[in-house]
Amino acid sequence: MIRIENVYKSFDNLEVLKNINLTVEKGEVVCIIGPSGSGKSTLLRSLNHLERITSGRVYINDELVDERNGNGDAHKFSPKRVSEICSELGMVFQRFNLFPHMTVMENVMLASRKVKKLSKDEAAENALELLEKVGLTDKKDQYPAKLSGGQQQRVAIARALAMKPQIMLFDEPTSALDPELVYEVLDVMKSLADEGMTMLVVTHEMGFAKEVADRVVFMDNGEIVEINSPENIFSNPSHERTREFLSRIL
Amino acid sequence: MDDRMVRVVGILIDSFFPLLKAGLMFTVPLTIISFSLGMIVAFTAAIIRVLNIRILDKIVKFYVWIIRGTPLLVQLFIIFYGLPSIGITLNALVTAIIGFTLSVGAYGSETIRAAILSVPKGQWEAAHALGFSKLQTLQYVILPQAIKVAIPPMANSFISLVKDTSLAAAVTFSELFNVAQQITARTYEPLWLYMEAAFIYLMFCSVLSVLQSRLEIRFRKSGD
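Protein chains in written order, with the working numbering: chain D, 1 to 250; chain U, 1001 to 1224.
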């Protein structure tokens, strides 16, 4: 479903992604772990044009979503195509990034109204369904500032799901949360995984990775060091750097 | 009360309504029209700057540079007294509207640009990830938040503009101050008449200050 081939990315002279190759199959949950600054978030953001790669190729459903050959010009995508690419990918951010001037309901409805051009009734019905799924129907008329971090993140998940994406990207979704609020977001993510959603999750929650992931990717210093099953990566990592990282955080 | 005082009080009373009328009929409409047009210019210019639209971006920078770097009075003189020599003759009202619109547009564009840039980057990213185009992002996500930030400085420049319209007197536009000058020329009481004119400006601006704080409270209530 996602195919990343020989991807490099540098900011000025700093290489943040080096020779990344990764394939994610439909229905798979892949967790990316690794120290801060290892390029995990950049990799995720390269899938929906929040970052453009320096070289390599990225495909979603066998359709090209980004390409660049070395020093050549970046492949040009029309704004319409970029919007289509983004609609296939739902993204959840570390800092939620809810729209503070809109109610919860409006947050969830906005994109389906303005990007998908659904009628108000359809969008509202869709939004209510999603708010029920994340357990926040009673908060629908509140503004984000009135919600706890965990509730805000659940709204953000509902907002991303409103576009009916085929793949969900999570960029450290629980890192900005108080510890006691982490579980409510992870629960929602688990139920999504159970429904067969394809998910790519950058996380520091090793418990979640162990329990939910089909495969775990360990990244360090801009490279994929190891891709392995959760059992292997946590109990018997094949690489010294993985072992070191895990021994430091577990 | 001596004769002098009686005379001054008489002049002040006689001139109060002509001054107030000039204020309401010319100063206020000139302010409102110039400010509204200026806001359109300001938003357009700010959006061009923020989206970094090629060429247009350079033109906007040049425009802001010229307007901010030259005195408004000089600009009005160039338009009113200068342009006729190349065949463009504009009446006093049109001159004033053009001058004030360009001024509000230039200063306002910087205020609005700063307000747009004050909205966290995450808001742009979230909208992008949902499939919004840049313009849609501005329209639905960024501007509603930026406007809240821009209101206090914009209200300030609106109040400033009320007073700046007195410069139009210099290009013969008969707004409040120009009328005060005319009456002074007849009565030779500059101190009292200009004080009276100042008082009427003060009244207008006081009303606007009250409106400003109400507007701010209303905007603070909606949302966070």
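It is worth saying that the hints were derived from the structure and are not from the lab. Heads up, a few of these hints could be off.
[Stated by the list, open to error] Just so you have them, the derived chain D footprint on chain U, three or more residues with Cβ under 8 Å:
#, region
1, 1053-1060
2, 1101-1114
[To be verified] Selected chain D positions facing chain U (in silico; Cβ < 7 Å):
#, residue
3, PHE77
4, PRO79
5, ARG95
6, HIS101
7, LYS114
8, VAL115
Note that this is a predicted model, so its numbers are computed, not measured. Think of the CB as a built atom: it goes at the ideal place given N, C-alpha and C, for glycine as much as any other residue.
Comparing the hints with the structure gives:
1. 1053-1060: violated (count 0)
2. 1101-1114: With 0 residues in contact (Cβ-Cβ under 8 Å with chain D), the coverage given for the region 1101-1114 of chain U is violated.
3. PHE77: violated, 12 Å
4. PRO79: Since chain U brings a Cβ to about 5 Å from D/PRO79, closer than 7 Å, the hint holds.
5. ARG95: holds, 5 Å
6. HIS101: holds, 4 Å
7. LYS114: This interface hint holds because 6 Å falls under the 7 Å limit.
8. VAL115: Given a least distance of 4 Å, the restraint on D/VAL115 holds.
When the structure is compared with the earlier hints, violations turn up for hints 1, 2, 3 and for no others.
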